[in-house]
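Chemist: Here the protein sequences come in this chain order: A and B. Be aware that the first sequence starts at 208, since it is given in this note's numbering, and climbs by one per residue. Be aware that the second sequence starts at 48, since it is given in this note's numbering, and climbs by one per residue.
Keep in mind that the hints were calculated from the coordinates and are not lab data. Incorrect hints may have been included.
Distance windows between CB atoms, simulated [said to hold, decoys possible]: (1) A:G680 with B:S142: 20 to 30 angstroms; (2) A:E464 with B:S142: 25 to 35 angstroms; (3) A:T412 with B:T96: 55 to 65 angstroms; (4) A:D327 with B:R201: 49 to 59 angstroms.
Keep in mind the model is a prediction, meaning the values are calculated, not measured. For glycine and all other residues, C-beta sits at the position ideal for the given N, C-alpha and C.
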Amino acid sequence: MADSVTRTRTDLSSVTQDGVGTSPRRPDGTLKVTGEFAYSSDMWMEDMLWGMTLRSPHPHARIHGIDTTEALKLPGVHAVLTHEDVPGEKLYGLELRDQPVLAFDKVRYKGEAVAVVAADHPETARRALDRITVDYEVLEPVSDGRRAAFDEHCPRVHEEGSLPVHEEYNQKGNLVRYQPVRTGSFADGTPVSRLRAQAGAVVRTEYEVGMQDQAFLGPESGMAVPAEDGGVDLYVATQWLHVDQGQIAPALGLPDEKVRLTLAGVGGAFGAREDLSMQIHACMLALRTGRPVKVVYNREESFVGHVHRHPAKMRFEHGARSDGTLLYATLEIILDGGAYASSTPAVVGVASSLGIGPYEVPNVAVDAYGVYTNNPPCGAMRGFGAVQACFGYESQMDKLAEKLGMHPVELRIKNAMAQGSKIITGQVVDMPLPMAEMLRRARDMPMPPARDELPDPSDLRTLPGGVANTSHGEGVVRGVGYGVGLKNICYSEGFDDYSTARVRMEAIGGEPSVMVHTAAAEVGQGLVTIKGQIARTELGVERVTVHPSDTRVGSAGSSSASRQSYMTGGAVKLACEAVRERVFALARERGLVGAGHSDELLSLTGGKVVSETDGVLASLADLLGSDAVEETREFHHRTTRPLDPLHGQGASHTQFAMCVHRAVVDVDVDLGLVKVVALDAVQDVGKVLHPQQLAGQIQGGATQGLGLALMEEIQVEESVIRNPSFTDYLIPTILDTPPMRIEVLERPDPNAPYGLRGAGEPPTLSSTPAIVAAVRDATGRDLTHAPVRPEDIVGIDV
Amino acid sequence: MEFLSPATWEEALAAKSAHPDAVPIMGGTDVMVELNFDQHRPSALLDLTRVAELAEWGPDGSRVRLGAGVSYTTIIQRLGKHAPALAQAARTVASPQIRNRGTVGGNLGGASPAGDSHPPLLAADAVIELASVHGVRHVAAREFYLGPRRTARRDDELIAAVLLPERAGPQHFCKIGTRNAMVIAVASFCVTLDAATRTAGTGIGSAGPTPLRAVAAEEFLTAEFDWQGAGPLSEAAVRHFGELVASAARPIDDVRGSADYRKHALSVMARRALSWSVTDYRKGEAQCA
């Protein structure tokens, strides 16, 4: 796979074997491929109990009573707990504490946890759930996001006065956050009609993005083990150990230090593990029973066990001068956050600030709404608030280009941002942003062979519908489309999502060895390899061990926002630099370094302290003897600012990243089936740390965007999920996934460690609009809903 | 839940007779999914994996007798010539792992309207062999599907085999899914042209409460097709055939697709499959078979 990456600069590669810029093997790679890797759901203890969750069958209901008597009578049942048994705070939440640990008074979505059971066998636990009686008074659910946003008679999902107040979020009614952005003449209150009159071309369209699931393969699971000190040790698959700890401990009524977390094997995350699922429940059951308690959700339960990507309803209007120069843009975006806030405020912050995309537009009005409904809760997913609007603004660019008779790439280049541009919040892009060049590269990449140039055009696997044999070429039309997206990297709006690393160097068996210890979650992205590579490069030591991630070291922040290479990579680099300084100091103490010799002339290479002028001064093993050098460092990114609640201005983001996609599709226009033929990308990553993993991130991100373009949607009707299984929630298979040519640029960001730029999310933004544009190109259809359904292509109303 | 694991066919029939509500299990690719989803709590499972003869197949006079436990993988590898549409349908079932386990017998036992084997069995006029301690009886596939997940199989019977008539002409199966592999049918269709009996056969999947035939379409094609000279069908005739197939369907709107789309897709698949079949027929495939 790494062979498919074309790099434009290769002069940054490392001198140390398996250092930064190389592709060392993942320690978990073979185990995962052979099925031997221990995921969180594989954990086992001799005396453990099984925890199970009773969930609300209603999207909205009042609870008049919960009777657990019969469940407790069942032999083998060790505990049945409800909200009355929550030892501490009854509410938790990532940004707003609005979600009950176990429901009390009301349930606000179908699948909400109401009670938990621990039993000596999962079947016994299941039977105990059947014996719990809950007296519900069913209420009408709030199912429509638009109504929740604008209808003042709409019932409140959360009772007035029951929520934490955040003035800056413009909260009102069911609005979790309303964030406007006003620039140019919109800032003075000029009506859009004045600008419209000056435009040579205007396009106005409503778009929808469906609710996407992260579709990780390893369901929510973990094991809580009660400890002798009255605390608990929790082994869990999560994205951020410390933010879990910070929510679990108050709910248990324990100090943080008595709730110790260790990362268990994570089977994918993509944002779905940012919020708590079984963590508090397992700990409550373990503390109550004095036994280890394991909880594993099944697949159907998992669909209500984690948050999803916010579905969005969007109204866009763009006006351009006749030469294609953008004059104004307006956007109203309603993001349905479902029953609890989760990360909705931050999603609104991204959706508003990046809602118009990477284009120079002098006059912009954005209104971004995050709302409460009784739909399944939504929160973080790869692309976090930037994916939805990207589908809209890129569709708008194509429509505008068509209206003006321009090539879609030409229109984009004409309005492209670059280093020095300001995004609509007024923040200056103070790092390279070679957007125009990336677009040209994407356009100029070689095209895949036409159907009649294939070695065997009758091979069903090359056709839409695949081996299901729906076409032998009939009705198949090719289309090409482009997409580009702008994504913020790291947390935004004043949040200090620092990371901590502890690095220890010592001689073991006469060989210098390094241990890297962080709390960062390896969720499949490959941080475990990156940490070792950085240590090797910085310390010139080949033997590097990565300590399991746990809360015995400071926070590493979340494995989210494409930030771990930047933040935990940055922390490991800082800690290594501190260790290196101490090693140099040790060398000086031992008289190995001349007095006039500055540290700048010293380096650690090949397990030795080396002077640029005097050559090898000492071997690290000799120098360290039986001493260990250990340093812990925190890495903070530059300070960002909240958006002002009135005009949405403020330098809210840490870093910007971009990917450009060109999609080539074959569409069976009679049946509405699509085969993506090529999905080629150009991405600037600042600096490649691990070429193979980078390719994996770009391919994976693009494929997740492909899913959103063509098949992935949680169908919610009257607030109930209709397709909670991988039988009916479809994700792309290998036959849906085309070859991907990837061109990587390395224009370093001076603010970031090694100049790197977060890489995991940008391809998820750009691939969706590129594919839908290609399908439009093939069919001439409007296609305003992602994912595109066969019905949309053949013109049947859904 | 009891787990019955007979070693022979006789034991299996006796077990089924003693436990008429036992759910037979072979590959487990449907039964285990339903158990996992807690949709069923059968009182007993009747494991048939030890009954060796169920996984056998071979000639039976002019027909082919396909044991109910023959895997889809075997069907793809071995029955492409005898039953091309069934082999094509088998190729669209799930993933290689599931095709190694799943069987036509299981498909018939579950009788989901979306089961991929049903349209080829209907179109080819296959016969289902049912057995109990009281003996063996044969039911035409065309008489087998009675209602939603309800079949002509009696509670004390097990599905022993499928009898496939000797092929005497082209067969084509196609299936719509919203991704290019590993997908349950949104709608599927099968057509057969039988030169020996000079009749056309059809089967429709996932577009009604049971697998269906498009009888009017069969009759139209049987009458319209030039069985002797194999002259081409007019575009209007092909189109009419498609319309008749679509009108035979009784689909609903569900998570996998809308009723209108299913009808539309069936008409397109019917036209295409018919055109491929006529082309094959004209190439003299019927004679070679």
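Chemist: Out of the numbered hints, which ones does the structure contradict?
Modeler: Hints 2 and 4 are the ones this structure does not satisfy, whereas the remaining hints hold.
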